[in-house]
Amino acid sequence: MAHLNKSEAFRQGALIFVFLAVLTALEFFVAIAIGSVVLLVTIALVKFGLVLHYYMHIYKLNATEDPDIDQHSYAYKLTTSRLGLWLFLLSDSFVFGGLAVSRFYLLGLTRPPLNQILGLVVTSVLLLSSFFMNRAEVSMEHGDRKNFILFTSLTLVLGLAFVAGVLGVEWPSAMAEGVTPSTNAAGAIFFMMTGMHAFHVITGLIFLGVIIRNGSRGLYSPEKHWGVEAATVYWHFIDVVWIFFYPALYLIGKIF
Amino acid sequence: MKKFFSSALWHGFLWQAIGWTLGASFLTLIRVLMGLNPFATFGFTEPAWVFGGLVGALSFLGGSGVVSDWFKWAKGEETPEHHQDPDGWEKFINISLDHKVIGVQYTLSALLLLVIGGIFSLIFRTELAQHGLQFLSLQWYNTLMSLHGMVMIIGILLGIAGVINYILPLLIGAQDMAFPRLNAFSYWLAPPAAILLLSSMALGGFDTGWTGYPPLSARTPVGMQMFFLGVIVAGWSSVLGALNTIATVIRMRAKGMTAFRLPIFVWAAIATSIIAMTATQLIGLSFQMVMFQRLFGMGFFDPAKGGDPILFQHLFWFYSHPAVYVFILPGLGIISELLPVFVRKPLFGYRWIAMSSLGIALVGFLVWAHHMYTSGMNEYLRVPFMYSTLLVAVPTGVKFFSWVATIWRGKVTGPYPTAFLFVLGGIVVFLMGGLSGPPNATVATDLHLQDTYWIVGHFHDTLFGGYLLPFFAAIYFWFPKATGRRMNEALGRLHFWLMTPSFIVLTLLMMRIGLLGMRRRIADYDASLGFDPYHLVMTITAFVIAFSVLIFFINFFRSMKNGEPATGNLWNSRSPEWQVSSPMPVHNYDQPFEVVGEPYDYGLADSVYVKFANKKTGGRN
Amino acid sequence: MRHFVIVGVLVILVAALTNVGLNYIHLMPVEASAQSIPVDWLWNLDIEVISFLLALIIVPIAYSLVVFRRKKGDTTDAEHIEGNTPLEITWTIIPLFVVLIFAYLGAYTLGEIRVVDPSAAEIKVKAIQWAWSFQYPEGFISKELHLPVNKQVVLKMESGDVIHSFWVPEFRIKQDVLPGRVTDYRITPILVGNYMVRCAELCGTSHAYMEAPVVVSSQADYDAWVASQEAIAAVAAQTPEGRGEQLANASGCRGCHTIDGSKLVGPTWQGLFGSQVSLSDGTTVTADDAYITESIAKPSAKIVKGFETTTAMPKFDLTDAQIKDLVAYIATLK
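Protein chains in written order, with this note's numbering: chain A, 1 to 256; chain B, 1001 to 1621; chain C, 2001 to 2334.
No lab work stands behind these hints, which were simulated from the structure alone. Fair warning: this is a prediction, and the values are worked out from it, not measured in the lab. Backbone N, C-alpha and C fix where the C-beta goes; we use that ideal spot for every residue, glycine too. Some hints here could point you the wrong way.
Stated by the list, open to error - Here are some of the chain C residues that sit facing chain B, going by a computed Cβ distance under 8 Å: (1) T2109; (2) D2161; (3) A2200.
Work the whole structure out from these sequences, hints included.
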């Protein structure tokens, strides 16, 4: 992957976001007009692939390394830490995988009655936050501390909005509709899935707070910003989970 | 005494108690403000106990100091690369980043849990020696039996972590694990987990067995929640330790250590860690879902709410079956690792043995529902699982045949060292366990065998043969490397010859009465079944086994101070760790080594496995 | 080469001896169901293979350790044999085939076990903590399972609370019983006799004691039993205490409450009516109509001293009339 300059990188990040937004609109359309689970899965996989490659930079795991590299050097430890982070995300995916399996086992191809507009709004907020997270990371990689702080803060604000949207608006709204944790299996799995995801978002927010604080104290540089990379990849991971959870909870079957 | 009260262990426990109390009180306050009852049968209400338990576990970690470096990093502070450990025994109850110290911590904790779990079994085996209830109530029986299972399982996981932690970096020429602080953290999750688990006895116990099936687990006393919490905390130890192992093998190998020049134990460790790092999350999830069903009425497994108890079983066994391969792959790896050293011959079919560990791990993910043949799940699903389960026999068979071929025409120097005895014992007992597997894999026969003592015999054989006996072999083998002294061979032989035949008799009798109608997990059985003599003999063998363990401990602790000195290549092994003196230096290898040959080329003149930068020797002495 | 021959002979010998020995000690209970026959057939095949494999692994190891033991004064290493690819392929492929064959045989025997007789009578089985009850098509409920020999019967089983499991060792087949759904247990008894069904899935405190008699009799004896049960039910239906007794049997009360004075999970009913009862809160009450009625309708209202930590009594779905009948029945137990 040829190294891009800052404005090229910004542009690429924006382009990917546009694709993601279009795909989200597409899956919403599929859910209104077609109701095909296969199509929804395909769209989700494409979004997943885009984020995995362009936002999370999974290809870095395959980067070539000098065979005689000093194993005590920062560069070596960085690669090792990166591996550790991805292994952790692999492990964590099994929790969400288990929840998804449970959802389909219990509810089959039915879905709980949820507010579609609300679902689309919180999804868009989270997607937008990933856009800004990418921008923040690009800024850091090019030594633009001011924009790094700005975009990370925007990510944090949007993340907070997501949590507020889910816990503060979606949950009460669902309960008003009779979908409560204790009514039935549909309610139980809805709250467990959104709750576990929100828990991860909250931990992600803490992580963002840490890198904003450390970043504003000048502790990161383009060469050394592992904390930023880790927070970024983790944040996008949370977005990836929602890429699958959103259609699983809101879009199965025909809506409207 | 003063050393104990300034230790991380003590501080951890203290803060766990404080955190538990504060957490439970805080939740009780919330309940009062919400107009709910503040107290219940066991003092605090169930939600308060659960929340308190969680806060307590987190407080242990904070109070012990194991997370302090990470907090410093979050604040942007630097921390020293290496910690200096104190010289004496107190280093084992404090935070150390040295994999060797952590390995010993894990191993000692494992032995402690094995003793606790063993004592539980002695208690209920005494009750079972005769029909009728002599001294245990039904609840206590169920609780002790259930705890025996889980305490032993966690003991196994800690023992595996102990062996892997101690020897894996040594085998691959690393100075330490890839993530030393994560390594320490993984260990220090174990003490609070054990406390949570054992606290269940004070909170009404639980009567579901270690499998915790709802609906029963949704309606047992509060002790059930402590069980769930304890397992979840211990599960994280397993996940993070496995992550560390994988990263270490990928990133920290010596030069020239290509895939098929890895010591075979490393292959076993990789296969084990792949499973432990991923599947463990599912037992956590399944337990979390029951916890939430109890706390919030979330009806995942409640048919009255559209839930399904069988979903729990799928989620649970998706981990718990691969888990048994986590339990045995390291032990089988130890057998493969040690055999060549004792028989002075290469490991026969090394590559196939390496692949068979991966094969078992991968196929092991596809067999879980063989625990559910009678569960009421979709009937036709049983057949594919029967096929996949029987398939695991193929890579397992590869290991057995390879071991036979390795031993064939080997030259073992008599009298057999204790470590070698335990390796042979492991092979025989694991063989018994493995052979009693296919009837369980086959649906038709399993309908008779499921939930009987046949199954109990099967898994005790596989676990003892696949884990415990090799674990003892590893201890007897590497004890000199860690301490510079040998364990006493006469006592070691006594340990082996008391333990192994007794265990074989125990499990054969278990299988016998299981076939004739002895169900598992029952506190009492009908006199008319005629099982009394069997149970009496089984109880006696249990005590003989316990006595042999006592002998082991006497040997273990005495040899640390008074064992025969053994500072060189005691076993004449080609493996790198034996090319340096014992006890192992703090930073392992002063000079890095390069792999220039095959690990098991015993019998090949002038062949060398590893070459140290400044040393001439690296193979045979 | 001769070593291989000797080992080969020893393996066959040890395998045969093991197999004979295992058969001699009669590993399995008597075959009392049609379904047990294919199960035991496959089991015996398994035992043969197990005997062979046990010998195949242990004999060469023992032989080698003895025959090739290190000679005195020999300090050399053994022969440098790393492997033998054709051999390794063989010992992967042959077991693979054996495994596939046994999987196929397993599927085949499973089919044999599940053969359906469309004229099979249906008996409803209710499992609750910690008792079985059997509802016959004729309408009566029994605490014992009676079956006619040589006729297929399908038990339709459901649990009232947690997972239980129905197992008669002599029948071989086992099937879990779940709440919220019905599982089938299809069996054709072939041997007249008295057996026991014992719960085979840990279901709580008294799991060990959750059992019921299973009586397989000739058609004539079976018909006579059915007739007598119908008569008993008819008589019982006419008095409150009779109905109460039937209800107590059907609802599984006897899983926790004995009628002979012995202590189980709950207090005994013998002599209960009219007695003085000490409660957990320190007070004493008389076990009159009102008390017993409340104890059934609202089980947690009053807890008897000594029963605080046992499993709580669940609330049963009973009408007021049914509760009155139960009280009447309990009053008769002296």
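Verification of the hints:
1. T2109: OK, holds: T2109 of chain C within 8 Å of chain B, min 4 Å.
2. D2161: This hint holds: D2161 of chain C lies near chain B, its Cβ roughly 7 Å from the closest one there, short of 8 Å.
3. A2200: Given a least distance of 4 Å, the restraint on A2200 of chain C holds.
The structure is consistent with each of the numbered hints, conforming to all of them.
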